[in-house]
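**Student:** Which chain is which? The protein sequence lines are A and B, in order.
If you read the first sequence in the numbering used here, its first letter stands for residue 142, the second for the next number, and so on.
If you read the second sequence in the numbering used here, its first letter stands for residue 142, the second for the next number, and so on.
Please keep in mind that the hints were generated in silico from the structure rather than gathered at the bench.
Incorrect hints may appear among the rest.
Which copy is meant is left open, so a pair is good if it fits within one copy or across any two.
Said to hold, decoys possible - Pairs of lysine-lysine, DSBU-like flavour, derived with a Cα cap of 30 Å:
1. LYS557 x LYS607
2. LYS169 x LYS277
3. LYS168 x LYS277
4. LYS246 x LYS290
5. LYS246 x LYS226
6. LYS347 x LYS444
7. LYS465 x LYS277
8. LYS204 x LYS450
9. LYS290 x LYS617
10. LYS567 x LYS607
Protein chains: 2
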Amino acid sequence: MADNKKMVEAITSMDENFAQWYTDVVKKAELASYSGVRGCMIVRPYGTALWENIRNDLDSRFKALGHENIMMPMFIPESLLQREKDHVEGFAPEVAWVTHGGEEKLQERLCVRPTSETVFCEHYADIIHSYRDLPKLYNQWCSVVRWEKTTRPFLRTMEFYWQEGHTMHETAEEALEETERMLNVYADFCEQSLAIPVVKGRKTDKEKFAGAEATYTIEAMMHDGKALQSGTSHYFGDGFARAFDIQFTDRANQQQYPHQTSWGMSTRIIGAIIMTHGDDNGLVLPPAVAPIQLVILPIAQHKPGVLDKAHELADRLSAVARVKVDDSDNSAGWKFAEYEMKGVPLRLEIGPRDIENNQCVLVRRDNREKTVVSLDELETKIPELLQAVHDGLYQKALARREGMTFTVTNMEDMVKTADEQPGLIKAMWCGDEACEMKLKEVAGVTSRCMPFEQEQIADTCVCCGKPAKTMVVWGKAY
Amino acid sequence: MADNKKMVEAITSMDENFAQWYTDVVKKAELASYSGVRGCMIVRPYGTALWENIRNDLDSRFKALGHENIMMPMFIPESLLQREKDHVEGFAPEVAWVTHGGEEKLQERLCVRPTSETVFCEHYADIIHSYRDLPKLYNQWCSVVRWEKTTRPFLRTMEFYWQEGHTMHETAEEALEETERMLNVYADFCEQSLAIPVVKGRKTDKEKFAGAEATYTIEAMMHDGKALQSGTSHYFGDGFARAFDIQFTDRANQQQYPHQTSWGMSTRIIGAIIMTHGDDNGLVLPPAVAPIQLVILPIAQHKPGVLDKAHELADRLSAVARVKVDDSDNSAGWKFAEYEMKGVPLRLEIGPRDIENNQCVLVRRDNREKTVVSLDELETKIPELLQAVHDGLYQKALARREGMTFTVTNMEDMVKTADEQPGLIKAMWCGDEACEMKLKEVAGVTSRCMPFEQEQIADTCVCCGKPAKTMVVWGKAY
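The following block holds chain A by itself, in its conformation from the complex:
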């Protein structure tokens, strides 16, 4: 266990310094490292494999609902970005500008896409003419660039990876349905595949996307009580359609503007996985997206038959899980610590005595629970244990969120709670942006969302005391 100890001590504990713990996990689990360009990360093979599993899971959910992938140019001419007023105001200050191609100075600057509403709209103007061309349900997987001042791997990087869905519909109702449908896809994905409970709700006007009529969000709570916006879905009405002159002939032979949505989830979600499930031994991965679900560690592997048995099991079990055997000459203690650091949900230990007894030991990453299992039962036992890890992670995260969500009805409690208790705070709001600003100023919290599941906590705004319109979840956020 000496090696194991050494490895574990190499990362900062969460309680001591949560930010440093996060950085340590990203590095030691080999998820990402910094590149030579400020704020741009290298997503290392283990992080990339995780992202590919996330992508494939989400992609099949999108396709099952009829969405098609498309690949749009990464460059947007400055004049195109400026077409929708609110949108350009929101994004122009944070884009990267291409001014030269080879030796030649460009006549018009091109920005590297920070998001692609404008290029989608330009294309939609070309291809939407009749109600028969609707709906258009497009999505793209790509990277985008935003010139951020301070960056942290996955949470906020200049270049990040995401998918951006962009859809066009005949009616406002249909577009609103799509906006909600895709938010539910994100929420289901977080809960079913990532074991992350989320609060679904709507953003206030202050927090909504530049150019949107409404932004829906899912908010997750991290280990330190801070919120992380994990996916958003926007309803645009026909604002962009008017700005880009996208019109179609409707069923009554009238010219109409279509109604639009967009929705995105990014590599930020990897930050959410780390900070929801991780612990002082490193990463803890939800089984559905873990690059390795089961690591097989041969014990006393120099003894005859052990390695053969380990590889035989790996072949057999690859039908029920993503399996890796570590037959390197590192010590067992080093390997235990290594795969704990990498968050592999299940570890299978097999040594000479186990083989004699036709059994092995399975150890869960989330709670280190050990089970001795007959080799004949592995095909049923492993999926069961993976499910148990998923359920355990979800319940633990949910219990944490519930234990760290507070309710306040007056400003004094708001300030005191925000100051003393990490977590989320439910409180009523009058709908006035001035109160949002004041809460930010005096309590240091922002409105995370107006949850779809409303509770009538009080009749008056927590800030100004005027009649309340809605319950808001407030908090500090990444």
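With chain A fixed as given, assemble chain B onto it according to the hints.
**Tutor:** Frame of chain A; chain B shown alone:
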């Protein structure tokens, strides 16, 4: 058939104007369209689905050989690009430069990656220390940008999509083996999945990649006799390792420079598919990568039971093929033409009389051969016919290439053949770049490759008459 006719007439015939035919197919098959940025294409959903199938096929071939995916930043600082002399000379004239982030002028320009050797090397310098860290077998899927003067969808675009493998090895031998191994992966993929026969060989020094010691290539012949470089694999020796100071401690405890390869295949390959298999009715897709392998067209679909049967068959057959039912109210003739244009390998027609007789009609896209098949036999018949389409496409392309490959031994024949016969020309070469330049000047051909399968056509160079070193395949190329 009136609709059908109208549709078919909408594209230029190959013989009349091959370039226009190509552009028509790209547009009418809805593979891609131009965007507002010069030279950047929008890869439309059908083209994207095709690229995704290509990507997934190649990706599983790479992973089966132990390669891992990674995601590197899209920006390269100017100083990093300049680190390897030949490389920067080759690429600097054709990169896009980012000079501003938001309002701020950057202290150092960043180029949008034209290829990623430099950023991989910077990362390798960080993570390679011992022979235990080798080999590193990394690959990434991304888009890259080259500031091209003239562009054509898929064949040459400013932004294009590709994969770039970058590997590091203990020894030169291992790296050379990898270079050849990956060329063989590309060749196998082209032949087994795309039904495109290729010539494998090595590029002359004049044609090799900027910074490489050796470049291997697969060259395919298009319908018009021109060659298309379809994939390349480069051996770098330790040149980049020295320029980037990547060193490791070898098994004898000595400091060594590792040996490097890179290899890439891009969306160009979609151009190769179009120009190898397409015909005057449009695209013809190889079954292995076709987004739709079987389209089911209900005949007289207003009659009772027809649509139900069509959908029932689609459900059943989705186990053996990628299936689509077109139950739109377009005419049968329009649908025939539409799916021919889109190159769907097999069409299944089913109408009321077929249902009565428990049969349907299957029509191959490549030769329009019709087969009446019992509905009970579809699960075996469809895979057989898809294989037959693949084999038919491959044989046809191979026969065309063989019929259009010529052998010459003197300059007069070279010039005459290059002038009069579209196709490839085999001829001996002394190894002198001056002869390559002269052949380009007087015959208009470039060296496509020095094939691995050599033939001793003559003893003297076709150009200068001095002793020949190698047989070269010459031709005009995309």
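**Student:** Would you mind marking each hint as holding or not holding in the structure?
**Tutor:** Consistency of the hints with the structure:
1. LYS557 x LYS607: Within one copy only: 21 Å inside a chain, 92 Å across chains, cut-off 30 Å.
2. LYS169 x LYS277: between (43 Å within a copy, 18 Å between copies)
3. LYS168 x LYS277: Intra 41 Å, inter 18 Å, cutoff 30 Å: inter-copy only.
4. LYS246 x LYS290: Cα proximity of LYS246 and LYS290: in one copy and across copies (27 Å, 14 Å).
5. LYS246 x LYS226: both (27 Å within a copy, 24 Å between copies)
6. LYS347 x LYS444: Neither: 66 Å inside a chain and 56 Å across chains, both beyond 30 Å.
7. LYS465 x LYS277: between (42 Å within a copy, 18 Å between copies)
8. LYS204 x LYS450: Close across copies (24 Å), not inside one copy (40 Å); limit 30 Å.
9. LYS290 x LYS617: within (19 Å within a copy, 50 Å between copies)
10. LYS567 x LYS607: within (17 Å within a copy, 88 Å between copies)
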